Structure formats: structure tokens, C-alpha cells
Amino acid sequence: MVKKGIQRIYLIFIFLFLYLPIAVLIVLSFNDSKSRVSWGGFTFDWYIRLFESRSIMNAFYTTIFITLTSAVIATILGTLAAIGIGAMRKKGKAVMLGATNIPLLNADIVTGISLMLLFVRFTRLGMSTVLLAHITFNIPYVILNVLPKLNGLSQNTYEAALDLGATPLYAFYKIVWPDIRPGVFSGFLMAMTMSLDDFSITYFTKGAGIHTLSTMIYTELRKGIKPEMYALSTILFLIALILLLLMNYRSREDQINERRT
Amino acid sequence: MRKLKRQLCAGPYIVWIIGFTVLPILMILYYAFTTPEHRFTLENVLSIAEPIHLKALLLSVRLALECTVLCLLLSYPLAMILNGLKIKRQSFIVFIFVLPMWMNFMLRILAWQMLLSNNGIINSILQALGFSGVSILNTPAAVVFGMVYDFLPFMILPIYNSLVRIRSDVIEAAKDLGASNMIVFFRIIVPLTMSGVISGVIMVFVPALTSFVISDLLGGGKVLLIGNVIEQSFMQGMNWNLGSGLSIVLMVFVIASMAFMNSHTKETEGTAVW
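Chains as they are written, first to last, in this note's numbering: chain L, 251 to 511; chain A, 5 to 278.
If you're looking for bench data, these hints aren't it; they were derived computationally from the structure.
Quantities reported herein were computed from a predicted structural model and do not represent experimental measurements.
All C-beta atoms in this analysis are idealised placements derived from N, C-alpha and C, irrespective of residue type, glycine included.
Keep in mind that the hints are not guaranteed to be accurate.
Ranges between beta-carbon positions, derived for each pair [what the hints assert, rightly or not]:
1. A:V174 <-> L:P432: 24 to 34 Å
2. A:L12 <-> L:L414: 19 to 29 Å
3. A:L12 <-> L:Y423: 14 to 24 Å
Distance condition first, Cα-Cα at most 30 Å in a straight line; then the derived DSS-like pairs of lysine-lysine [unchecked claim]:
4. L:K253 <-> A:K90
5. L:K424 <-> L:K343
6. L:K473 <-> A:K226
7. L:K424 <-> L:K399
8. A:K9 <-> L:K399
9. L:K476 <-> A:K59
10. L:K340 <-> A:K9
11. L:K253 <-> A:K179
12. A:K90 <-> L:K254
13. L:K399 <-> L:K341
14. L:K424 <-> A:K9
15. L:K399 <-> L:K340
16. A:K9 <-> L:K343
Given these sequences and hints, build the entire structure.
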């Protein structure tokens, strides 16, 4: 009984540790005072002003564009790559996995700098360079999520389907896709999260005048964060919370349905 | 024949690796070993021995080690407790630890800055309870705190994943054969979660060693890490060759520590992070 109690307290402690700053930011987004330390009453002002601020909205659109586009492209390339790697022999597989681990394990700052040096040499830094960089560090997350789902079973069944006259695309859709779908999905989600939360790599590969939310916050750090930023992050956080809860709920229904059939 | 066709699916990715992983590394190597006049030099790499750089590197290593140890000490019991809850849906656990990342990490660190400040909430509570307040802001301890906060999920998730995978009949068998809880823990659970621990340690140690934003925010400009030195040489000093040279040193350091970790584990398979 005592053990249970200690465990509970420990869980609450960690939970507070993770979510306390988030609570602070949400509270600040409703604070009717520019000061970060005093409470000036409840207001929705920052939420209204947020949509009137062109610079913040621009950074927001850039962030969303980069996050979604890089996650989609990384998911397609990564899924294809995982299928290819899955069909390889041991040696090829090891080489490919080693190469996949490089951007994952290399320091963010080194990845960012090395990509910047490449981009500066061959083109100009801008939005597209940020996109290319994000795709580069997103692909490994997709591959590592999809690869474990490509088990031997689906490979053999896929071969059998081809022998029975299915076109590769049809066989893929009917046999391989249902197996790897959860992996592709969680890979996509991981890629989106990483892309949204990235600062270092964006910081080094972006051109002048282009801002994502992270780099904008970084430049604002010295003169003080605009409270509109808290409002925007609160909205983003709530959207993520709702989306993830919905997905959790949906997959639970899927499981129940599966059990029934 | 069919296998070959399927292997071709990896084609675009191979091109991508060559273009955006291998080529950038070659670029950074080129810059690291040349002067701005494109002559060969070892000066950039050797400048790590300069007292100011060496001090930054040693401080980075120390803080990264402290952060990794703290993360491990916090995560292992946590993963055990979470595993004990017997939640069927593991994705929910992942969800709890990934969700904070959807709020920008700099803002979250900034929130900690407010919480920890001398007249912040934490100190108010401590003083109300009769304790003396803490003033860790702008010290290396605050930087370690921020790192632990930011990187904790990367330690918890792999350990939790490897714990979930241990089949309960293995543990029951050991108990049936008379093993005590201590023996079960040290002879079965710890070895079977080693791969999770290793990937957790790597996923925490590397970003902690190389971060520059957290030390900027919580160190108040007083804590200079090797990441800060590199960032400044690119963005303020415009000395790209020096920055590349130091980056190479950092890369070698990361590779060496990973090789060290790997040589101390028998399992080469390793677990994916998620």
C-alpha cells in the first residue's frame, strides 16, 4: 500500500515536471498585463491581436507549410526506402541502416552547419533549403517506424499474391499496406513533431527574412517575447491534444472492431 | 528478380543520403581543414586545445554526463512504475511524453526561467513552506536542469519500450525457480532492458553535449558550452573554417562515445527509439 502511494507521488512529480511550464504559458496567454510576473486579470486580447499581427501569422504559415510538406515527403521517401531496405540482404541492410542513423545521431548543430555549408555553396539560403533540411532529418524517423512492421509474413504473402497474378501495386495495397499502415502513421506523426519542435537546423539553414515560430522566438528572446506568442502556442498545443486524443480514441475503436470480427 | 525490383524502392533515398548526408559532411571536412584562402591547415581542428575552447568542451562533457545520469536515474523507476500500471495502450504513454514537444521548447524553457527566478513561483512556495529559496538561475546547475527537462522523454521511452517487451512468464519462471525480487531485477530485468538504456543514453548524451540554446537561456550568457562557441563562430565571428574545425572535433567526440557505449554491450541489434 505504501509502495503504491510512493509510486503515485512519483508519477505526479514527473507529470508536474513535464507540464508545469506548459501550464505557465497557458496562464500567461490569458494575462492582461505585458509583464511576465504579475497577473493583470483575464483577457482574450492576445488571441485577437495574434491574428492581426502579420509577422507572427507569416511565421506561423511558414512553420505549418514546412512541417506538413517535409513530413509528407519524408513519409513517402521513407516508406519506399523501408520497403527497399527490407528486401535487401544483410550487408546492404547494415550499410543503409548505418547511413540512416547519421542524421539521427549526429548533433543537430553539426547537421545544420554541414547542410548550410552545402546550400551556401550551390544555392541561396531560403525557404526551400529549410524544407530540404527538414526532410533530411525526418526520413530516418519514418524508416525506423516502418521497417519493424515489414515482417517476413507480409513479404511471403506478397510474393504469393504476385504468383497468383496480382499487379505489384494491387498486392502492395492489399497485403503490405495494412501491415505497415500504423508504422507509416506514427512515422509521419514523429516527423511532424520533430519538424515543429526543431530550432537548430532551421536556424542555420534559413535565409534572411524567413522565420519559423522557433527562430522568431529566438530573435525575440532579447527584447522580450510578445504575449501573442503564448496565445499561438496555446492554440497549437490544444490542437495537438485534441488530434492525438481523437486518434487514440479511433484506434481503440479499431481494436474493438478487430476483436469482434 | 522481384527482390531486386523492390530494392529499387530505396533508390530515391540513396540519392538523398548521398546528396544531403554524405556531401554535407564532405563540405564540413573541407572547411575544417582549409584556411579561408583554400590552403590546407590543421589549425582549425587543433584550436580545440586553446584554453577557452577546451574549457567549453570539458564543461559540455561534464554537464552532458550529469544530465544523462540524472535522466537515467529519473527514467528507470518511472518506466518500471509505468510498466506496472499494465496499461494496454502503450501509445497513450508515448503520447503523454511527446505531447509537450508541441509547445515550442524555447517557450517551455523560458517558462522554467520564470518559475525558477528569484521571485518566481517555486521560490514563493518554498518560502511559504519555510524553506530558504533556491537561486540556481544563470548557473551550470540551471542548464543541467533545463537539459534534463528537455531530453527526459528520449530516455523514458526506449527504456519503457524495452521493459514492455519482457514477457511476464520469464519473470514468473525465475520466481518459480526461487529467485528473489533483487535477483530477478539484476539478472533478468536489467540485462533485458540494456538495449533500451543504451539508446536512451545516446539520445540524451548527444543533444546535451551539443546544445547551445538551453545554455543561452538558463545560463544567462555565463555558461559557455562548445555548442555556443561553434554557433558564435558561424553567426557572429563569421569564421566558418574555425566553426567547422570545432564541429569536426565534436563529431569525433560523439562517434567515440557511441563506439565506447557499443563496445560495452553484447547486443548489436539495439532498439529503435520509439
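Now the hints, each set against the structure:
A hinted range of 24 to 34 Å holds for the C-beta pair A:V174 and L:P432, which are about 26 Å apart. In this structure the hint that A:L12 and L:L414 lie 19 to 29 Å apart at CB holds, the actual value being about 23 Å. Checked against the hint of 14 to 24 Å, the pair A:L12 and L:Y423 passes, with Cβ atoms roughly 18 Å apart. Of the pairs offered as hints, the one joining L:K253 and A:K90 holds, with about 16 Å between alpha carbons and a cut-off of 30 Å not exceeded.
About 25 Å separates the Cα atoms of L:K424 and L:K343, which keeps this hinted pair within 30 Å; it holds. Distance check on the hinted pair: L:K473 and A:K226 sit about 19 Å apart at the alpha-carbon level, within 30 Å; holds. As the CA atoms of L:K424 and L:K399 are separated by approximately 15 Å, the hinted pair is consistent with the 30 Å bound. Straight-line distance between C-alpha atoms of A:K9 and L:K399 comes to about 20 Å, which keeps the hinted pair within the 30 Å bound.
For the given pair, L:K476 sits about 36 Å from A:K59 by alpha-carbon distance, which is inconsistent with the 30 Å threshold. Restraint check for L:K340 and A:K9: the C-alpha separation of about 17 Å stays at or below 30 Å, so the hint holds. With a CA separation close to 20 Å, the supplied pair L:K253 and A:K179 stays within the 30 Å bound. Between A:K90 and L:K254, the direct Cα distance comes to roughly 14 Å. Compliance with the 30 Å bound is thereby established for this hinted pair.
A threshold of 30 Å between alpha carbons decides the hint, and for L:K399 with L:K341 the separation of about 20 Å falls inside it, so the pair holds. Of the pairs offered as hints, the one joining L:K424 and A:K9 holds, with about 18 Å between alpha carbons and a cut-off of 30 Å not exceeded. Taken as a hint, the L:K399 and L:K340 pair is honoured in the structure, with Cα atoms around 17 Å apart against an allowance of 30 Å. This hinted pair checks out: A:K9 and L:K343 have alpha carbons roughly 15 Å apart, not beyond 30 Å.
In this structure, the one hint that does not hold is number 9.
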